[in-house]
Amino acid sequence: MLDIKLIRENPDFVKRSLEKRNENFDIDGILQLDASYRRSLQQQEQLRAQHKKMSKQMSNPSERSPELTLQMRQMGEEISALQEETSKNKSDLENLLLLLPNIPHESVPLGNDASGNIVVRTWGEPKTFAFKPLPHWELGEKLDIIDFQRGVKLSGSRFYALKGWGAHLQRALISFMLDTHVIDHGYQEIYPPFMVKKECMVGSGNLPKFGDNLYHDKEEDYWFVPTAEVPLTNFHRDEILDAECLPINYVAYTTCFRREKMAAGKDTRGIKRGHQFDKVELYKLTNPENSDKELEKLIADAEDICQRLELPYRVVQLCTGDLGFAACKTYDIELWAPGCNEWLEVSSCSNCGDFQARRANVRYRSAANARTQFVHTLNGSGVALPRVFIAILENYQQADGTVVLPEALTPYMKARQS
RNA sequence: GGAGGGAUCGCAUAGUGGUCUAGUGCGGCCGCCUGCUAAGCGGUUACCCCGAGAAAUUGGGGUCGAGGGUUCGAAUCCCUCUCCCUCCGCCA
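Here my numbering is used: the first residue of the first sequence is -12, the next is one more, and so on.
Think of the hints as simulated: they come from the structure by calculation, not from any bench. Quantities reported herein were computed from a predicted structural model and do not represent experimental measurements. Certain hints may be false.
[Said to hold, decoys possible] The calculated lysine-lysine pairs, modelled on DSS-like cross-linking and capped at a C-alpha distance of 25 Å, are:
#, residue 1, residue 2
1, Lys140, Lys253
2, Lys129, Lys140
3, Lys196, Lys253
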């Protein structure tokens, strides 16, 4: 959420900034609503102050009279009418503010859509093959490690099952990534709930705008997490953190659930885009001064996973038109997949500034007597399982159809013979 | 799922319709004192919103788990919900 004071004081800056996203928003409407909210609030508070004084007077029995009582009752009615108006204005305003995306960081390149993204670096050389490399769906079936048919039998399209060492490889990757981030990168491991309350989805920015892409248990009003970013954003909701504990670095493995309504018909082949997938997520809470620096560390930690797995990749900086709703700056990591012949997004690392912290009300105090401030939050995949799985199969495939695993995984594949 | 108990300013507790501008203790912070990481003394100690101010600051309003209600007036009475604890039932 954007700071209403920023909109109030610098409406032109906000308008210009949001236009960079290639979308239009009614900032003037927000300003009008804000003005009437404050007007009704002030009226209400003035009346309330008067009412309070008279009430104090009345605490003395000798001051009481039927006339005064009557007058105060009328006043009370006026106050509650004003109160109703005020809270309606407030919630209308809030509802509009919740629909505004974050302001792009000044360092983000301008662009209307994904075509404006910039490759900032590449690592490794795409492998060359003496044979025609197969796509992972063929490899997966030949090796009998991905079962598409039974996944569909159980749950319908966009579901699959991993079998035998396919399942084992996924488990090994999860352990490998968690260990690397915990032991070598200094993150604290969290195992969060996979279902959360509505407020959490609002806090992270998934609601109210993107409910279409979420699974929801209507009976109990539980929302299934589309990423661990959601519970991690809300982990410290309504808390005031000590400055000394920042930055906080969390890593969480979760399954992620996405309806993929917006991507209907896209990427239907293979395991690239399913309704359920696993992911190891990195998350940081920092003070505002350090968030730019922490974003660079975050992307480096995610890249390290790809490097240890010796998978060639490129880092892409998203342009203003391709930024996610909550992000002010984002880098993606894309792995090269020689079988399906495309770059696969395995990580998206974003600085969200105070956008989510304001929604989730996560603050910190910089010094003992200082005012509270919102923290900055950052998130990044470290990394998404199905796509790194694809990249491993396709990059490490041999002429005979077998796959030789990267060395980094050897300690994690103890049941390899099975 | 059933029955009971509870939720107060970091922690612990007081408060059962107006004197609560929420008291007290502990902890924290600041200062003083003291020949030692003790004791003592004084002060301070929540958060949000609106207004004034360049700012330090300052005027007002709100918040006693959340939301509603009764009342001139609610931490206190009533209703609903959430969470925690105890017991019973069921269950990985």
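Hint check:
1. Lys140 x Lys253: At roughly 20 Å apart (the allowed maximum being 25 Å), Lys253 and Lys140 satisfy the hint.
2. Lys129 x Lys140: holds (19 Å)
3. Lys196 x Lys253: holds (21 Å)
The earlier numbered hints are all upheld by this structure, with none contradicted.
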